[in-house]
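Undergrad: Sequence:
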Amino acid sequence: MQARQDADRVMVDPVAPGQERVAQLARVPFFEGLTPEALALIAQVTTLEAHALGTRIFQFGDPGDKLFIIVEGKVRISREVSGLGEEALAVLGPGEVFGEMSLLDEAPRSADARAHERCRLLVISKDSFDDLLFLHKALAYEVLWACVRMLASRLRETNDKLTFLSTSGKFG
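Be aware that the sequence shown starts at 0, since it is given in numbering that gives the first Met the number 0, and climbs by one per residue.
It should be emphasised that the hints constitute simulated quantities derived from the structure, not laboratory data.
Here are the simulated lysine-lysine pairs, DSS-like style, with alpha carbons at most 25 Å apart:
1) 125 <-> 73
2) 136 <-> 125
3) 73 <-> 160
Ranges of calculated distance between the beta carbons of each label pair, as one might list FRET restraints:
4) 78 <-> 103: 16 to 26 Å
5) 81 <-> 39: 41 to 51 Å
6) 134 <-> 167: 42 to 52 Å
7) 165 <-> 26: 33 to 43 Å
8) 39 <-> 59: 29 to 39 Å
9) 134 <-> 52: 32 to 42 Å
10) 124 <-> 84: 25 to 35 Å
11) 116 <-> 140: 31 to 41 Å
12) 36 <-> 167: 45 to 55 Å
13) 150 <-> 26: 18 to 28 Å
Positions of the beta carbon are idealized from the N, C-alpha and C atoms, including for glycine.
Using the sequences and the accompanying hints, generate a full structural model.
TA: Here it is as structure tokens:
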């Protein structure tokens, strides 16, 4: 099975990107407000992966060693629920970021990620992320605040969903 998963994951360009990559990052809300110089630094540590429909990008419990940015296509974030099967937590599209939690807390993956449709992803490894933030403190400040804003937004969305389920009688 792992060989099949690896066959569906295609490394598109392991070499340093150019201005096109900076332009891709500039369209990502997570990086909103960063200078072109900061985006160029981030672009230098990215690679591009392509994934076929249904490809497992990572699964619950895997080491969190990469952050992903969707350039094209969609990714489904889900968890297996005993007796119920897969529970989709989110379907993310172009410009959205996932996999960031494990880079921040060094815990294993908290969910599964699969290509919901054929997709292209910019990928930043944990080692590259750590090195970049260590060497560029001003960039680290901006990127980490972007992480905090995104995580707070996702927590609010989850709270809203739980409140809706609780008040609608569909929960508990």
